[in-house]
Amino acid sequence: MELRLTPQLQYLLRIADTCLIHAQRLAEWCGHGPVLEEDIALTNMALDLLGQARALLTHAAALEGQGLDEDQMAFLRDERQFFNLTLAEQPMRRSSAHSPGGDFADTVLRNFLLACWLRLLWQRLAGSSDGELAAIAGKAVKEARYHEQHAGDWVIRLGDGTEESAARMRAALARAWPYTAEMFASDAVDDSAVASGLGPARQALQADWQRDVGAVLQEAGLAAPASTPFVSTGTRGLHSEHLGFMLAEMQMLQRSFPGGRW
Amino acid sequence: MTQPGVAQAWAVLDTVLDPEVPALSLRDLGIVRDVVAHGDALEVVLTPTYSGCPATEVITQNVRDALAAAGFGEVTVTQRRAPAWTTDWISDAGREKLRAYGIAPPSGGAAVTTSTVRFRPRDVACPRCGSAETERLSAFGSTACKALYRCLACREPFEYFKPI
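Chains as they are written, first to last, in this note's numbering: chain Z, 12 to 273; chain Y, 211 to 374.
Because the hints were derived from the structure by calculation, they are not lab data. Accuracy of the hints is not assured; some may be wrong.
With the C-beta cut set under 10 Å, the calculated list includes, among others, these residues of chain Z facing chain Y [what the hints assert, rightly or not]: (1) E49; (2) Q160; (3) Q265.
Stretch-level coverage of chain Y by chain Z, calculated; a stretch enters the list once three of its residues show a Cβ under 8 Å from a Cβ in chain Z [as the list claims (entries may be wrong)]: (4) 251 to 265; (5) 279 to 293.
Backbone N, C-alpha and C define an ideal beta-carbon position, used for all residues, glycine too.
The shape of chain Z in the complex, shown without the other chains (with noise of 0.2 Å):
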């Protein structure tokens, strides 16, 4: 698919595809959660992210220009074509060789730390000078912000249970933090959504965030894993390996189906 990409689309499409992958994610638990409340908090947690993506992306595609819709978005672009965070992207049930996953202190460490990073750009995008936008903002941080306080109290229960929960908490932290630097990596995007009043730059939620979660992390007795060099790169397109074979399961339906509809 052909898309006609400029700063303000990809900077839409950062958020959109963050709350799509995610969303996708965390639907893999349906029906394997470790208890009943979990497998329900977590759908539906997907299905907040799954709306906030359908609106996001029914607004990227009408600013795109071409006529496209949220489902040919959603379904038609390839790998490179997306722009989320490389985080939402890990496996979150199935761990694989080189990645985390499996464990459910993965799940519920993944969704405090993207939940809190949302909350933050959510409040700051209500102030868009994109409508839209901003409209879709003003009721995106309201889910957040109950996303963020459950996953928050998953955190603490786990960090300050017993000593194999927090041993596993230790590990999941070890895992993810890396890829949080990506968070905050401003580049000529966020420049230019500063430039237009479209959004903060991500390097402007850092200071927040780091508080935040410093705070929940305190409680759960967990420390923050010191700061490595590497960057994902997921915003810029450039992906983990795992987000071809999540898109190849996700999109399979409508490439062969070109249209489908029920």
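Since the structure of chain Z is already known, use the hints to place chain Y on it.
For chain Y alone, kept in the frame of chain Z given last:
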């Protein structure tokens, strides 16, 4: 035949129930933000409750069907995202209907601040016996808008409409 007016449209919308919480009408829920007559055509403005609420499409269709059945001609339903829906818009009558239906209405006003200090509301009264001795069983429930609670006095589980 004359076109029914805006006031009648509001009355019709008061009979259209939320498909997921059928104790409430769309008016009780506070999602009907405006009804505007454009000549012979009628525009109904709705504000969605949650971003991913799966009932949104059904509600739109139900509004069309109900107004068509009441004799309205051309009806358009538009979505207005801002200002975002809040449980503060649920009417007092709606809150009583929720309670009678067995769902605890949202307590207090919607949260306006964010805090990392985590205190849960302790003032969720059991909709059956009225006791304030209740505890949360699950942060999420059968629909996006509810959590699951249990009454420690009468031991009955109940749903709680989350304030947002």
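Going down the list of hints, with the structure as the test:
1. E49: With Cβ-Cβ at 9 Å, under 10 Å, it holds.
2. Q160: holds, 6 Å
3. Q265: violated, 19 Å
4. 251 to 265: holds (count 6)
5. 279 to 293: holds (count 3)
Going down the numbered hints, you'll see the structure goes against just number 3.
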